[in-house]
Amino acid sequence: MDITTAVQQVPLNNYIVLSIMLFSIGVMGMLLRRNAIIAFMSIELMLNAVNLLMVAFSAFKGDSSGQVFVFFIMVVAAAEVAIGLAILAMVHRNSGSVDINHLNKLKW
Amino acid sequence: MLLYLFYILSAITVGCALLTIFSKNPVYSVLFVIATFFSIAGHFILLNAQFLAIVQVIVYAGAIMVLFLTVLMYLNLNKSVESSKPLLIKIAAMVSGGLLFLVLIASFKSGLSIAPTSVRGDAGLIKNLGNTLFTEYLFPFEATAVLFLSTMAGAITLTRKK
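Residue numbers (the numbering used here), protein chains in the order written: chain P, 316 to 423; chain H, -14 to 147.
Pulled out of the complex, with its shape left as it was, chain P reads as follows (with noise of 0.2 angstroms):
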């Protein structure tokens, strides 16, 4: 059996689906919990989501564009992630949790 042939077993819409449940569990989490690295989580859980329904239309298009492009949604996470924990060990400094219902402050 060819390579071609293996990843065609598959069906498009079952990727398709198995990614809209991944990135709605992602938001679930965002909205459910207060706890800001859970909810950093969810972040990545969505990106994830992303990068397997663009992995699984590259292959089936036989285009690696769009695996190019998930290597640099990888990049842009790491380094979002980076960022995104700096700024809680900062506010968990400042505040003493990670709480998100403590960041009011811009809040009117």
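Wrong hints could be hidden among the right ones.
PhoX-like cross-link-like pairs, simulated, lysine-lysine; straight-line CA separation at most 20 angstroms [unchecked claim]:
no. : chain 1 : residue 1 : chain 2 : residue 2
1   : H       : K9        : H       : K70
2   : H       : K112      : P       : K376
3   : H       : K9        : H       : K75
4   : H       : K70       : P       : K422
In silico contact screen, one side only, chain P against chain H (beta carbon under 7 angstroms); selected entries [as the list claims (entries may be wrong)]:
no. : residue
5   : L333
6   : M336
7   : L347
8   : N350
9   : M356
10  : A371
11  : A374
12  : L400
13  : A401
14  : I415
15  : H417
16  : N419
Think of the hints as simulated: they come from the structure by calculation, not from any bench.
All C-beta atoms in this analysis are idealised placements derived from N, C-alpha and C, irrespective of residue type, glycine included.
Assemble chain H onto chain P, guided by the hints.
This is chain H only, laid out in the frame that chain P set:
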């Protein structure tokens, strides 16, 4: 056969993602998200995206999640001290997440009949990926270097004690 493998991997992915957002202890959440990323790497292998599978394991499960664990240890957050939201808000969050799922599924259901045209199974091999990355996308690749440099400077500046 591969379809069953896909279903098993998908069950692991979705289950671990659900456990991530529902477990009380943040350390368990990080461990479950690492399991999710490993199963997504399995999906990448199933799609013959070998380079991205390796990068997923090394960068996501290896570097990013270890960074999460390090910050959890550094801030001493391994107990669940989180004040839980009111029940109404929890139900509203679940319902809106489920509704988003339904809307996305419905929007894809009507307009999706993708016949895979000109399938080449070798798009994810390192050779083709490197060719695309270093010819067509050379400028974004260089820009990420600047992005990482500014990220490093920003992280150091943010966490420095005054």
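Within a Cα-Cα threshold of 20 angstroms, do K9/H and K70/H meet the stated pairing?
13 angstroms, holds
Hold the hint about L333/P up to the distance rule: shortest CB distance to chain H must be less than 7 angstroms.
5 angstroms, holds
Holds or violated: L400/P as interface residue toward chain H, Cβ cutoff 7 angstroms?
Since the shortest Cβ distance to chain H is 5 angstroms, the answer is holds.
Taking the closest Cβ pair, is N350/P under 7 angstroms from chain H?
5 angstroms, holds
Closer than 7 angstroms between Cβ atoms is the bar; does A371/P clear it against chain H? Give me holds or violated.
6 angstroms, holds
With a cut-off of 7 angstroms on the beta carbons, see whether H417/P makes it to chain H.
Because about 10 angstroms separates H417/P from the closest Cβ in chain H, which is outside the 7 angstroms limit, the hint is violated.
Status of the N419/P interface restraint (C-beta, 7 angstroms, chain H)
Because about 14 angstroms separates N419/P from the closest Cβ in chain H, which is outside the 7 angstroms limit, the hint is violated.
Is the Cα-Cα distance between K112/H and K376/P 20 angstroms or less?
17 angstroms, holds
Please work out if K9/H and K75/H have their alpha carbons no farther apart than 20 angstroms.
Measuring from Cα to Cα gives roughly 14 angstroms; hence the hint holds.
Hint M356/P vs chain H: min CB-CB distance below 7 angstroms?
5 angstroms, holds
Should the hint that A401/P touches chain H count as held when the rule is a Cβ pair under 7 angstroms?
With Cβ-Cβ at 4 angstroms, under 7 angstroms, it holds.
Restraint check, 7 angstroms cut-off on beta carbons, for A374/P near chain H:
4 angstroms, holds
Checked against the numbered hints given earlier, this structure breaks hints 14, 15, 16; the rest are met.
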